[in-house]
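**Student:** Residue numbers (the UniProt record's numbering), protein chains in the order written: chain Y, 1 to 298; chain E, 1 to 298; chain C, 1 to 298; chain U, 1 to 298.
I should point out that these hints are in silico values taken from the structure, not numbers from a laboratory. Since we're looking at a predicted model, the values are computed, not measured. Don't take every hint at face value.
One copy or two, either will do: identical chains are not told apart, so a pair holds if it fits within one copy or between any two.
[Said to hold, decoys possible] Straight-line distance between alpha carbons at most 20 Å, and here's what the computed SDA-like set of lysine to any residue pairs gives:
| # | residue 1 | residue 2 |
| --- | --- | --- |
| 1 | Lys93 | Lys217 |
| 2 | Lys280 | Leu69 |
| 3 | Lys217 | Gly243 |
| 4 | Lys102 | Pro77 |
| 5 | Lys217 | Thr269 |
| 6 | Lys20 | Asp50 |
| 7 | Lys193 | Leu76 |
| 8 | Lys168 | Arg277 |
| 9 | Lys93 | Lys264 |
| 10 | Lys293 | His256 |
Number of protein chains: 4
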Amino acid sequence: MTNTYQHKPAQQPDKRNRAKMLISCPDRPGIVASVSHFLYEHGANIVQSDQYSMDPGGGMFFIRFEFDLNDLDTELPVLQEDFVRVADRFEMKWHTFRASRKKRLAVFVSKEDHCLLELLWQWQAGDLEADIAMVISNHPDMRGLVESFGIPYHHIPVTAETKAEAEKQQLEVVSDKADLIVLARYMQIISPKFIEQFPNRIINIHHSFLPAFVGGKPYAQAYQRGVKIIGATAHYVTEELDGGPIIEQDVQRVSHRDNVDNLKRIGRTIERVVLARAVKWHIEDRVLVHQNKTVVFN
Amino acid sequence: MTNTYQHKPAQQPDKRNRAKMLISCPDRPGIVASVSHFLYEHGANIVQSDQYSMDPGGGMFFIRFEFDLNDLDTELPVLQEDFVRVADRFEMKWHTFRASRKKRLAVFVSKEDHCLLELLWQWQAGDLEADIAMVISNHPDMRGLVESFGIPYHHIPVTAETKAEAEKQQLEVVSDKADLIVLARYMQIISPKFIEQFPNRIINIHHSFLPAFVGGKPYAQAYQRGVKIIGATAHYVTEELDGGPIIEQDVQRVSHRDNVDNLKRIGRTIERVVLARAVKWHIEDRVLVHQNKTVVFN
Amino acid sequence: MTNTYQHKPAQQPDKRNRAKMLISCPDRPGIVASVSHFLYEHGANIVQSDQYSMDPGGGMFFIRFEFDLNDLDTELPVLQEDFVRVADRFEMKWHTFRASRKKRLAVFVSKEDHCLLELLWQWQAGDLEADIAMVISNHPDMRGLVESFGIPYHHIPVTAETKAEAEKQQLEVVSDKADLIVLARYMQIISPKFIEQFPNRIINIHHSFLPAFVGGKPYAQAYQRGVKIIGATAHYVTEELDGGPIIEQDVQRVSHRDNVDNLKRIGRTIERVVLARAVKWHIEDRVLVHQNKTVVFN
Amino acid sequence: MTNTYQHKPAQQPDKRNRAKMLISCPDRPGIVASVSHFLYEHGANIVQSDQYSMDPGGGMFFIRFEFDLNDLDTELPVLQEDFVRVADRFEMKWHTFRASRKKRLAVFVSKEDHCLLELLWQWQAGDLEADIAMVISNHPDMRGLVESFGIPYHHIPVTAETKAEAEKQQLEVVSDKADLIVLARYMQIISPKFIEQFPNRIINIHHSFLPAFVGGKPYAQAYQRGVKIIGATAHYVTEELDGGPIIEQDVQRVSHRDNVDNLKRIGRTIERVVLARAVKWHIEDRVLVHQNKTVVFN
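Modelling step: build the complete structure from the supplied sequences, incorporating the hints.
**Tutor:** The structure is reproduced here in structure tokens:
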């Protein structure tokens with residue numbers, strides 16, 4: 001099949017020398033001073049920083065820097081090596097990311113396509129700075145669509161009996177080809193064994209406004225209860241079903257006039273917008289996780 | 001104490017001859033035709049009608065008429081008497097209300113004043129077309145405030161032991177002086193016995209976005225869970241705690257930067273706006289209840 | 001080229017016998033009674049009605065009925081013929097529409113595809129109950145995309161010199177094949193001559209929150225002015241540029257952190273959502289126009 | 001008259017040693033490093049920092065620090081003196097504020113009280129950490145209300161002839177007793193001479209969604225145009241009428257059913273919320289102004 005639709009790469013400013021640094025550590029005087037002094041001495045120009053202190057008197061501290069560094073590919077490893085001393089002093093958990101190194105996504109879907117379509121669409125419009133490495137589905141339905149975007153499609157059926165085997169196959173296919181797994185209305189529960197391979201790197205869209213209406217048929221539940229607002233929640237997947245750290249939520253007003261079908265239709269629009277925002281923030285390295293909460297520097 | 005703040009009556013168009021009619025009945029052909037024909041023949045001019053059919057093939061039907069009728073005080077009783085034939089034919093539950101007959105509110109409060117203040121304020125601005133007949137509290141704190149608006153204040157303490165006695169006292173004070181009870185952050189649970197005196201005539205504001213975070217400390221729970229949106233819910237009080245028909249909900253976006261105090265502060269603003277809207281729609285006879293849902297013709 | 005993506009027809013309840021009736025007339029007693037009585041006598045079962053009276057004491061009155069009528073194709077003409085007497089009596093402007101008769105859309109685009117994509121994808125998801133009869137563009141760029149949906153694509157270039165000729169060609173292509181023209185980011189001004197062929201049947205999406213920022217570069221203007229909220233407006237096209245009746249608007253919060261590119265990206269999401277909603281309401285016959293305002297029964 | 005309503009001071013964490021520093025300067029490498037290093041060396045513990053760079057390649061840079069410093073009253077002057085060297089090197093405009101030093105407000109009103117009431121009630125609830133030093137009005141109407149909060153009320157009538165004289169009187173009354181002037185629906189135009197005494201220290205609430213509907217009768221205009229969303233804008237007052245830097249905006253959805261009175265009523269709610277938010281951010285030193293835009297670190 002021909003690739004009928006061309007991906008337009010985003011016309012972004014040159015980001016070859018741009019890097020991002022995310023740090024979490026116990027709060028203490030001197031952190032910002034030390035890190036920014038360190039970056040300055042290594043020739044890095046801070047273009048953006050965000051920080052958040054949970055509680056000045058002894059909580060956690062989170063900081064995100066975006067900086068430019070000449071000759072990044074050569075100099076970043078040096079900077080990383082040297083930073084260990086600062087990190088050790090403040091007991092930091094830290095990561096650096098090069099802006100030019102796009103995250104690779106593996107998108108999991110079942111039969112509903114609206115969330116996948118939104119991602120494809122934002123990607124082809126150049127609004128999603130990631131590579132969509134593959135789509136994996138327990139159904140064959142979306143092969144034509146996905147391949148028309150030039151993206152590989154893996155159909156891996158899942159039944160109660162074959163579940164363990166199917167996950168093994170999924171892991172093989174994904175192997176080291178994806179940095180983030182996006183569950184775009186994938187209707188299978190992921191096993192703890194799978195989840196621990198991708199800690200805080202699996203994003204799910206929950207078709208409801210968590211923590212309300214956990215579980216199945218949320219729109220039918222919402223209709224029964226006559227709620228006036230419905231919503232959707234994007235969160236990282238943890239072992240606790242629907243209980244992982246929330247990245248983004250949004251809502252829309254509804255009324256008694258909206259029947260279950262309408263609620264579903266409205267819900268689809270919220271779901272795709274919320275999931276796309278969460279994915280965007282993750283791939284831009286804007287999300288830190290502490291315990292069961294996120295800090296989103298957006 | 002002097003009444004330091006004068007209530008400005010709203011400058012509304014003359015509504016002496018305006019009435020409202022609310023009808024629920026099983027859906028069936030001919031309802032609208034029959035009622036509107038009936039009203040026309042009785043000289044009533046329909047100025048507004050809203051209807052909603054839950055499911056054309058056999059569900060419930062709800063309709064609200066606003067009409068003008070010359071010499072309303074004399075003619076409405078005639079119309080009501082004659083309407084019985086239409087009502088019987090369609091198995092209708094129906095009510096009529098004269099627009100000039102303001103609803104009388106009894107507002108129950110405890111120690112937090114923001115919801116009460118919003119009602120007082122909208123009332124003095126002429127935006128709430130009701131009479132605030134009294135404020136009842138289990139604490140003495142707001143007497144000065146309430147009396148400065150020229151409104152009677154009843155301090156009826158409640159303890160675990162005196163609860164039954166206190167409710168008896170409340171009922172005596174309210175007796176036939178109030179059409180609607182508004183729980184404006186009243187922190188006592190109302191007994192089923194009290195509730196059955198005011199079916200669908202007690203409105204509560206729940207300090208959270210139901211059905212999430214039922215129960216105490218919702219803002220602490222919301223903080224723990226790292227939600228990105230908080231909300232409030234106004235509902236009629238039924239025997240099922242926090243489970244009655246929802247009249248109105250609203251939300252506001254929050255972030256990790258909002259600590260529990262901030263969430264409470266933001267929550268207060270949502271609570272007072274949501275409660276005031278629900279009260280407004282009730283006193284304008286815009287809310288019908290069926291099973292555990294509302295139909296709000298706003 | 002193969003049609004790579006199949007349109008899923010919406011699984012709607014059977015609407016073969018469903019019709020809609022839209023009426024505007026000077027307000028006067030007895031309108032609702034007369035029309036609903038008329039419908040009842042002709043065997044029509046009203047399943048939904050909405051009405052709005054601009055000003056009871058002498059303004060305009062708008063009403064919309066949805067009704068079921070056995071054997072609609074045969075009986076509707078009879079009903080229409082008979083209705084003339086009612087219509088004349090109340091000086092009504094009125095229209096009837098059969099629900100089974102889908103509106104046919106001609107979508108005009110230039111180089112930006114986000115609004116077209118939203119329509120195509122809602123259409124293929126079965127959320128847009130219309131036929132997309134054709135896409136017309138002054139550029140060749142989207143032919144592959146459009147034809148992959150099995151929809152005819154007409155490339156009609158427009159220059160200052162050829163404008164009149166191009167519009168003639170457009171009219172020929174559209175001729176009697178479209179009920180509604182959707183300007184989905186079509187960057188040419190439509191001539192009054194063209195507009196008068198489609199009165200209140202051309203919908204445009206304005207890339208800004210009218211009446212603010214009329215004219216070019218709205219997002220740059222919004223950035224300069226440091227606005228905290230941006231929006232989009234869908235309106236019917238009239239001779240007054242960007243001045244036609246507003247059908248729908250929506251907004252999103254932005255901050256000083258959003259540069260012009262971000263504002264454009266956010267704007268794209270609002271634009272496509274707002275346009276799709278306006279189109280949906282039009283094709284469901286929910287929009288009445290009076291002077292330069294709409295009444296939207298949604 | 002007795003002060004009938006007591007102000008409850010907010011139960012805030014001890015902020016005696018908390019200070020805030022706001023800096024604007026041309027962007028250049030090393031700013032964050034230098035300032036945070038400076039603060040660290042002076043024993044200041046940064047508890048919050050926010051920064052924004054308009055354009056890394058040569059634009060403006062804005063930063064806000066919140067820090068704790070032992071013995072602030074004694075040590076801040078030292079720190080300020082020493083900081084001059086850093087400030088000069090980077091051509092900084094900078095200010096420091098002690099958190100314990102509450103801003104003093106002079107609130108100007110005319111005849112509409114909703115915005116004043118919101119401020120008074122947030123203040124008495126402890127949500128507005130400021131002192132309301134006085135209320136000034138060109139009408140006598142609100143004296144009772146204001147004095148019942150224990151706040152001085154100055155009635156200074158204004159006519160076309162006495163305007164200059166009245167402004168002189170206002171300036172005398174305010175003199176050095178207020179840090180911020182809040183125009184809470186004050187219906188007189190402030191002269192440039194007055195404005196230049198309070199640069200970026202006069203906040204106005206505009207009863208419409210700027211830049212749309214500048215001028216009189218905005219709600220009537222909104223009704224005529226049939227807009228689907230209305231809003232309000234809080235901005236600093238500059239010589240250009242309604243053209244100063246926007247601090248906050250918000251909106252609410254309306255429909256054709258809302259007549260001009262309804263729009264006004266809805267507008268009042270938006271106005272008071274938007275004004276209160278803008279005042280809150282100003283008194284917490286979260287707003288920087290550059291050219292005609294604000295940077296709001298909220």
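**Student:** If a hint holds in the structure, say so; if it does not, say that too.
**Tutor:** Cross-check of the supplied hints:
For the homomeric pair Lys93 and Lys217, neither the shortest alpha-carbon distance inside one copy (39 Å) nor that between copies (32 Å) is at most 20 Å. Proximity of Lys280 and Leu69 under a CA criterion of 20 Å is satisfied in neither setting, with 24 Å inside one chain copy and 38 Å between copies. For a Cα distance limit of 20 Å, the shortest separation of Lys217 from Gly243 qualifies both inside one copy, at 17 Å, and across copies, at 19 Å. When the C-alpha separation of Lys102 and Pro77 is checked against a cutoff of 20 Å, the pair qualifies only within one copy, where the shortest distance is 18 Å, while the shortest distance between copies is 48 Å.
Only within a single protomer do Lys217 and Thr269 lie at most 20 Å apart by alpha-carbon distance; the minimum there is 17 Å, versus 28 Å between protomers. For a Cα distance limit of 20 Å, the shortest separation of Lys20 from Asp50 qualifies both inside one copy, at 11 Å, and across copies, at 16 Å. Proximity of Lys193 and Leu76 under a CA criterion of 20 Å is satisfied in neither setting, with 33 Å inside one chain copy and 55 Å between copies. With identical chains, the CA atoms of Lys168 and Arg277 are never at most 20 Å apart, being 29 Å at best within one copy and 43 Å at best between copies.
Within a single copy, Lys93 and Lys264 get their C-alpha atoms no closer than 41 Å, and across copies no closer than 31 Å, so neither meets the 20 Å cut-off. With identical chains, the CA atoms of Lys293 and His256 are at most 20 Å apart between copies only, with a shortest distance of 8 Å across copies and 34 Å within one.
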